[in-house]
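Since chain G is already given, all that's left is putting chain L on it; use the hints.
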Amino acid sequence: MMKNSRAFYWMVLPGLALFFLFHTVPVLQGIFYSFTDYKGYGEFDFVGLKNYWNLFQDDRVYHAYLFTFQFAIISTLLVNMISLALAMGLNAKIPFRKTMRGIFFLPNVLSILIVGYIFNYIFAFFLPHLASQLGIDALSANILGDPDMAWIGVVIVAVWQAAAFNTILYLAGLQTIPQDLYEAASLDGAGKWKSFWHVTFPMIAPFFTINMVLAMKNFLMVFDHIIALTGGGPGQATEAISLLIYRGGFEGGEFAYQAANSVVYFVLIVIVSVVQLKYLQKREVNL
Amino acid sequence: MKGRSYNVPVTILLILASLVVLFPLYLTVVTAFKTPEEMNRSLLSLPEAWSLSNFTEAIQLTHFFQALGNSVVVTAFTVLFTLLTNSLVAYAIARNLHRRFFRFLYYYFVSAMFVPFPIIMLPIVKETSFLGLNNQGGLIFLYIVYGLAFNIFVYVGYIKSIPKELEEAAYVDGAGPWKVFWKVIFPLLAPMNATVGILTCLWAWNDFLLPLVILSDRESFTLPLVQYVFQSQFSTDYNLAFASYLMALSPMILVYLVAQKWIISGVTRGAVK
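Chains as they are written, first to last, in the numbering used here: chain G, 1 to 287; chain L, 288 to 560.
Note that these hints are calculated values from the structure, not bench results.
Every residue, glycine too, gets a C-beta built ideally from N, C-alpha and C.
It is possible that part of the hints are untrue.
Quick list of in silico lysine-lysine cross-link-like pairs, DSS-like style, CA-CA up to 27 Å [claimed, not checked]:
hint, chain 1, residue 1, chain 2, residue 2
1, L, K466, G, K50
2, L, K466, L, K451
3, L, K447, G, K278
4, G, K93, L, K548
5, G, K39, L, K548
6, G, K192, G, K282
7, G, K194, G, K282
8, L, K466, L, K447
9, L, K451, L, K470
10, G, K282, L, K447
11, L, K548, G, K98
12, G, K278, G, K217
13, G, K39, G, K50
14, G, K192, G, K98
15, L, K413, L, K447
16, G, K194, G, K93
17, G, K192, G, K93
18, G, K217, G, K282
Derived coverage of chain G by chain L (criterion: at least 3 residues anywhere in the stretch with Cβ under 8 Å from a Cβ of chain L; other residues may be distant) [to be verified]:
hint, region
19, 10-24
20, 92-106
21, 221-227
Just chain G, same shape as in the assembly (with noise of 0.2 Å):
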């Protein structure tokens, strides 16, 4: 096998060549800008931490984080309960099951953005005008409008489109565990709630774990949703991180000091997301 070697570094060289220039380099890039001034444009110099130390006094990024982890962490759980109870309809004995798996993973095949400013009209427009027509004054006000209630709309529209996904992926766990261990357990006289907590949550674990890691990283990204809905707005109370990189780095001349921004994002998923396999997996094995 050994005259085979060169061959397979062929196969992956040009590959690892390119995934260096046009993904590690930008990274290292990114990272290194983080401790200079530069605009985007022409001359810079090196400020050192500056810009981390900006970042942890500037109440527009405090507020980005915090709107942006209270956003992932209530989309993460809403959805997670909801792809489960819907995978647990799906799964089972119900008529027209393909038809309804169907409907139900339809969302996961949408754009986002197109989704979101359907939503933007439903809360910007039908909405309103079913709450007047109804008399409900309560809601005739448009929540996107709304700095204390905008949150909700994204939650919303993000719910309603991750829920497809984690909802198939809930639904093949279910596949997997076999009948007889529910038979056994309500030889054992459990009933329904004590035989989901005993047989189908452990058994689920593994894709448990799956869905809220994944989950969790999307919405800590979630960038497509905001444009739609609400811009970030109003003024700048639903303005998530990935929206303020954006913003600060491509409109608002501060290319170093978003850099500085995004690195710190970065060890922050990556924290998260190393937090959460450790400790949902360490869960998996005692369950």
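Frame of chain G, contents of chain L only:
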């Protein structure tokens, strides 16, 4: 699980839940066919006349067919070359994991999945415009390269489960690794190729952020990007906007209706692996 009859309460709950999924789409369809006057009378009812005028206007305003063509070209080339190249890299890595260099490569590619795009976003825009890659070709190229992280993860997992006997027989017959890959391995990868193809297709077709920062020329904009660009002109006319949204969504909906079973199982396989 009593008897063989259907679980009625669950069925009713699921039907209600499916209305939550279908209702926004229903609203999209009826709004797209209505006139503003009809909207004033009723938002929910079916249109009185299924008028196509919103669509013809949206097609002209947004240059719909140009954007559709762009999306098709970008997605088709991305999928094709992703399948051909990413599987090859994954094969070389999967069969040499006992070597330190290839094991390092595996972790190098896979760990890139945790890198959020915004950290790359600012420098890559400078890099692509410097290299003249701020166009569709560059976009396709970046999708293929960035796809490596996830695709190597799923391909390597799959290739490891393919027994080596088949390859060894081919090596004995005098074939080299290239020939073995194309003649023996690539055909065996069919289920994983389907998964990677579907996921890549959904990604390239629906992605918004990468085209937003990479594409500089309006003529080259993809469907989601066009909706974004025309948003300000849509804001006064919901009917026009929804005709445009419906046209942008419908190609993928049609594909989904035809290949639903295949798409769902493909996506599931990628995640469960």
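Against the structure, the hints:
1. K466(L) x K50(G): violated (55 Å)
2. K466(L) x K451(L): holds (15 Å)
3. K447(L) x K278(G): Within the cut-off at roughly 25 Å; holds.
4. K93(G) x K548(L): holds (19 Å)
5. K39(G) x K548(L): At roughly 50 Å apart (the allowed maximum being 27 Å), K548(L) and K39(G) break the hint.
6. K192(G) x K282(G): Roughly 26 Å separates the two Cα atoms, so the pair holds.
7. K194(G) x K282(G): holds (22 Å)
8. K466(L) x K447(L): holds (19 Å)
9. K451(L) x K470(L): holds (14 Å)
10. K282(G) x K447(L): Distance ~26 Å between K282(G) and K447(L) Cα, so the pair holds.
11. K548(L) x K98(G): Cα-Cα ~9 Å, so holds.
12. K278(G) x K217(G): Holds, because 15 Å separates the two Cα atoms, which is no more than 27 Å.
13. K39(G) x K50(G): Distance of about 14 Å is within 27 Å: holds.
14. K192(G) x K98(G): holds (25 Å)
15. K413(L) x K447(L): Distance of about 39 Å is beyond 27 Å: violated.
16. K194(G) x K93(G): Given pair K194(G), K93(G) holds - Cα atoms ~20 Å apart, limit 27 Å.
17. K192(G) x K93(G): holds (15 Å)
18. K217(G) x K282(G): holds (19 Å)
19. 10-24: Coverage by chain L holds here, the residue count being 9 at a Cβ distance below 8 Å.
20. 92-106: holds (count 12)
21. 221-227: holds (count 4)
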